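Peer 1: Residue numbers (the numbering used here), protein chains in the order written: chain A, 32 to 434; chain B, 32 to 434.
The hints are simulated quantities; they were obtained by calculation from the structure and are not laboratory data. Wrong hints could be hidden among the right ones.
Since the list gives no way to pick out one identical chain from another, each pair is judged satisfied if it fits inside one copy or across any two copies.
Unchecked claim - With a straight-line Cα cutoff of 30 Å, these simulated DSSO-like cross-link-like pairs (lysine-lysine) come out: (1) LYS377 x LYS367; (2) LYS142 x LYS281; (3) LYS281 x LYS128; (4) LYS281 x LYS293; (5) LYS128 x LYS72; (6) LYS128 x LYS432.
Note that the coordinates shown come from a computational prediction; the quantities given were computed from them, not determined experimentally.
Read off the chains here:
2 protein chains.
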Amino acid sequence: MEKLTNAGRRQLLLSTGSIAAMAGLAGVARADLGKTDAPAKALPNYASWKDADNMIVHSANTIETRRTAFGSSVITPTNRLFVRNNVAPPTDANMMKEPDSWALEVSGVAKPRSFTVAELKTLGLASVPMVLQCSGNGRAWFEHNPSGTQWTVGAAGCVIFTGVPVKALLEAVGGMADGMVYMTSTGGEPIPEGLDPNTLRVERSVPISAMEDAILAWEINGEALPLAHGGPLRIIVPGYTGVNSIKYIKHLAFTKEQSPAKIQQTSYRWAPIDEKPGPNHESIWEMPVKSWINFPSDPDQTVAAGRVQISGVAMGGMTAAKSVEVSINGGKDWEKAEFIGPDLGKYAWREFVFNADLAAGTHELACRATNEAGDTQPEARRENNRGYINNSWRDHMVSIKVA
Amino acid sequence: MEKLTNAGRRQLLLSTGSIAAMAGLAGVARADLGKTDAPAKALPNYASWKDADNMIVHSANTIETRRTAFGSSVITPTNRLFVRNNVAPPTDANMMKEPDSWALEVSGVAKPRSFTVAELKTLGLASVPMVLQCSGNGRAWFEHNPSGTQWTVGAAGCVIFTGVPVKALLEAVGGMADGMVYMTSTGGEPIPEGLDPNTLRVERSVPISAMEDAILAWEINGEALPLAHGGPLRIIVPGYTGVNSIKYIKHLAFTKEQSPAKIQQTSYRWAPIDEKPGPNHESIWEMPVKSWINFPSDPDQTVAAGRVQISGVAMGGMTAAKSVEVSINGGKDWEKAEFIGPDLGKYAWREFVFNADLAAGTHELACRATNEAGDTQPEARRENNRGYINNSWRDHMVSIKVA
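Same shape as in the complex, but just chain A (with noise of 0.2 Å):
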């Protein structure tokens, strides 16, 4: 399929009825969405702490932060961070109140047994700095109008995860058992009777390579983890993307196969734009290379002509963010852009800064980024059913008003 233009994209949109069109918001990249003047979705309850400015509420289960609210300094503030559930999360209030008591079961290991986080806790301690990426984090841009969120850059952010190594746990149990292939975690959202488990359970299989960095979290960016992001515990599967990260962890076991639940066998899978998705399909599981530029972003504002510090965020999946590129014509021509700040580590992500003299008109904003295995995050995105992973740089443009 041969590449649009931005603007030509926007065009089909605009001619196909789309979410764009029907919000009147002729010649706005659908980046802009959370720009409408439609009344906004009030936050749900148990999100009711989130600043409800810098978000968009799509639906009661997935809130987006705005590109223009992710600031420069390199951790996303909590109350900020974007939320994306698949079930609605447990109402048991009674597990918030007492965290510690909250109980992990853990099996296909040595000797199979059950801790509470208060036992956890004496097990081990890391923090580990990462982006946190809904799968379907830029599935606005696909044109095939994937069902499920229409995420542009919002459903990520880079925090920090404090808790208990998994390796630490694995040591307490006398190792894994023989033979097994996979983490499987499992959410405590309860499973209404009589349904079949398999279509709702949240429960999640990845390599038991991920598990070498994977920690099981109390803490987010310094406070305990809130309900809306997993609490009282989550595992946290670092440069996966969020789905496998599973909230109020019940049960981690070392399996020999993938779990059966349907957001395992038939749900997040690179299936074809016109296939089914099934489980003969590549799961999602790594995230790639990608950046994009949050500051200028906005498409409401204009810009003063001269000098203007363009600036935004690069990762780099499973190996760090190398070295990021910008344009300021489209993607003609390219130069380096400089990182700034602190660096985390190789799941975090970087800020970067890039700085450019900008006439009056409308200028084309772009950014690429590389890893530390080379990659370079690319112009197309991988077309898929599900519209998963996009990593396309021409997507991610911003077209911006200077005068």
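Knowing the structure of chain A, use the given hints to seat chain B on it.
Peer 2: Chain B alone, transformed into the frame defined by chain A:
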């Protein structure tokens, strides 16, 4: 003066009718003052958004983070960061509504001029993780009862400030004028008419070498800098105590002399206990190496006997923290602790953890850090009239009940 043991000091404090005694805290260190049953003071309006449960409100201008509220994720959440103002913050509501319009005068340079924050934002971008710490943090342990807020450990936090490097600003004004020795910053607090401005003006001078890593910040931890922390614009002098990072800065001057303001001339000086502080005494500028344990530190909590992950923070001052040792017997024996989590650079603190086996009973837990310059945190504080810069490991010890 011979050093007392913690227990001995506690006795002394109690017998001399200290605050601890008044609060009826027999056998409890002054570190636990925040834990009294005295009615908590309410947060002042300008800081009403702070996490009240995790703060100790000493006064409207002095608000401390509880020792149990630091978490283990390196960064101190902004809503738990301490507040200390020398005079009441400005009350001009407009300054926070239009932060980009705030003006900074720059003098003592080749081309003196004024900049709005919007203009500063075009000059450069830098992000600096650093320990912000009040000069008087740890004052509660001085035995001569110096006047001032009785901070224990919570007049400190590790945060990320973002703004423009002072060096980039200097480049825009043609560099410093000849012969300048100090960088002098003036706060925007209004001075009541008829008063000698020098008595109230919040103006501090630091050696121009401090300019190297200084920034003019409009952001903290990814959010616009709030008034409580010096918004719209604050100068950040990494490695120096908090008073040197002037809030709501309205004038940045390179000067030959130190500021004539009282806060420079006679406050924040290293005066012996029995001398009146004055310009002949060394100014309170650079921070020394320091560390303290945050978990376990709650005197109301009984820790379960067995394996315990003792954790805390270690800062190096002007160079990075290099190592930290922990003692579980009041400083008789020491063992090396392990740093965890990201290294945010030399001005930040590091999280450390020490894996101990604690039997039932009471344990005196201590830690002492060493920095890259080779300085080790001393057992004794450096005595001084106003109770500044306490980095004694013995004072920061915690007494823990294990059962």
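Peer 1: Would you mind marking each hint as holding or not holding in the structure?
Peer 2: Status of each hint after checking the structure:
no. : hint            : in the structure
1   : LYS377 x LYS367 : both (20 Å within a copy, 26 Å between copies)
2   : LYS142 x LYS281 : within (17 Å within a copy, 64 Å between copies)
3   : LYS281 x LYS128 : within (17 Å within a copy, 46 Å between copies)
4   : LYS281 x LYS293 : within (18 Å within a copy, 60 Å between copies)
5   : LYS128 x LYS72  : both (28 Å within a copy, 25 Å between copies)
6   : LYS128 x LYS432 : between (49 Å within a copy, 24 Å between copies)
In terms of the numbered hints stated before, the structure departs from none.
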